[in-house]
Amino acid sequence: MDGTGSRPLIALTAELEGEGHLQHAVPDDYVAAVWEAGGLPVVVPAPPSAAPGWVPGAPPAGAPPGDVPPGDALPGAAAGDLEAGTPAAEGDPNAGDLDGAAAAVAAWAHGLLLTGGCDVDPYLFGQHPHPRLGRVSPRRDAWEAALVRAALAAGTPILAICRGVQILNVACGGTLIQDLDAQVPGVIQHRQRAPHHHPSHEVRIRDGSLLHRTAGSRVIRVNSRHHQAVLEPGRGLVVSATAPDGVVEAVEGTGPGFVLGVQWHPENMAVAGDPVSRRLFRALVAAAGARTAGNER
Numbered sequence: 000m001d002g003t004g005s006r007p008l009i010a011l012t013a014e015l016e017g018e019g020h021l022q023h024a025v026p027d028d029y030v031a032a033v034w035e036a037g038g039l040p041v042v043v044p045a046p047p048s049a050a051p052g053w054v055p056g057a058p059p060a061g062a063p064p065g066d067v068p069p070g071d072a073l074p075g076a077a078a079g080d081l082e083a084g085t086p087a088a089e090g091d092p093n094a095g096d097l098d099g100a101a102a103a104v105a106a107w108a109h110g111l112l113l114t115g116g117c118d119v120d121p122y123l124f125g126q127h128p129h130p131r132l133g134r135v136s137p138r139r140d141a142w143e144a145a146l147v148r149a150a151l152a153a154g155t156p157i158l159a160i161c162r163g164v165q166i167l168n169v170a171c172g173g174t175l176i177q178d179l180d181a182q183v184p185g186v187i188q189h190r191q192r193a194p195h196h197h198p199s200h201e202v203r204i205r206d207g208s209l210l211h212r213t214a215g216s217r218v219i220r221v222n223s224r225h226h227q228a229v230l231e232p233g234r235g236l237v238v239s240a241t242a243p244d245g246v247v248e249a250v251e252g253t254g255p256g257f258v259l260g261v262q263w264h265p266e267n268m269a270v271a272g273d274p275v276s277r278r279l280f281r282a283l284v285a286a287a288g289a290r291t292a293g294n295e296r
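If you're matching positions, the sequence shown starts at 0 in numbering that gives the first Met the number 0 and goes up one per residue.
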């Protein structure tokens, strides 16, 4: 894949930044990691039609403010609506526009990279906001949930990173821990103070999983910059790695396609030369390339 013409197109989601004059931002390490892996990164910012008004689902009566220990059942009505793409109000035109735009991206993109960023709105998985909830972006949530649905329907390979694995999980009907320090007894440090590319803790990978086959090891060391994590996996997803404290570090699809989400930031480690991190991006690009070849037959 020496020339750009032979590189699979990898759609990258972007963070919305700024007050008043919004900007769509993608850290350069994502771009560099995809390029090094042989892909052509293309940013797909959340369109204006991804308005907060159509984001579905309110917390059911009595839903907790996120302070539920891992393993306890949580209300899931809102997440179920998000998975199905149900608009909050009948006749809202934005929902159809958004799903149509996402389907168009899934049609031309050979792979999808869901990048990190702000917190996912707990409204979407049936919880009230925890006091330690960070900044949320309903516009980005709505767009990325639509992209997940479209990519899964089209068989587009997905690599989801940090916030990306969280929105992937919520879009599939799963739930999140809103703040690890407040909600997980015995939690280790998941917001490292070391440089971004520096590995912080071990991750144990499920034997025979897609992540295991990709990483080539059952135990790896990863960086860590998050305060939320997967609680209950969504439909069609399974946990494939955990931290020493039991926090979910990776999920993957149960079907035959390439669907992998990791809680750490392999883009930082890949740019620094970490071989396992580079394998994740190369696996995404390889799956995207195989899809390209299949479409050309």
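Since the hints were made in silico from the structure, they are not lab data. Take the hints with a grain of salt, since some may be wrong.
[What the hints assert, rightly or not] Label-pair restraints from in silico Cβ distances: (1) 185 <-> 216: 40 to 48 Å; (2) 203 <-> 18: 16 to 24 Å; (3) 153 <-> 206: 26 to 34 Å; (4) 244 <-> 46: 33 to 41 Å; (5) 19 <-> 253: 26 to 34 Å; (6) 193 <-> 234: 29 to 37 Å; (7) 128 <-> 185: 22 to 30 Å; (8) 245 <-> 16: 26 to 34 Å; (9) 99 <-> 192: 19 to 27 Å.
All residues carry an ideal CB built from backbone N, CA and C; glycine is no exception.
Evaluation of the provided hints:
1. Distance hint for residue 185 and residue 216: a CB-CB separation of about 25 Å, inconsistent with the stated range 40 to 48 Å.
2. Taking 16 to 24 Å as the suggested C-beta distance range, the pair residue 203 and residue 18 does not conform, at roughly 41 Å.
3. Between residue 153 and residue 206, the C-beta spacing of about 30 Å keeps the proposed range 26 to 34 Å intact.
4. At roughly 38 Å, the beta carbons of residue 244 and residue 46 sit within the given window of 33 to 41 Å.
5. A hinted range of 26 to 34 Å for the beta carbons of residue 19 and residue 253 is inconsistent with their spacing of about 43 Å.
6. Between residue 193 and residue 234 the CB atoms are about 36 Å apart, so this pair conforms to the stated range of 29 to 37 Å.
7. Separation of residue 128 from residue 185 is about 24 Å and conforms to the stated range, judged on CB atoms against 22 to 30 Å.
8. Hint check: residue 245 to residue 16, Cβ distance near 33 Å, so the stated range 26 to 34 Å holds.
9. At roughly 44 Å, the beta carbons of residue 99 and residue 192 sit outside the given window of 19 to 27 Å.
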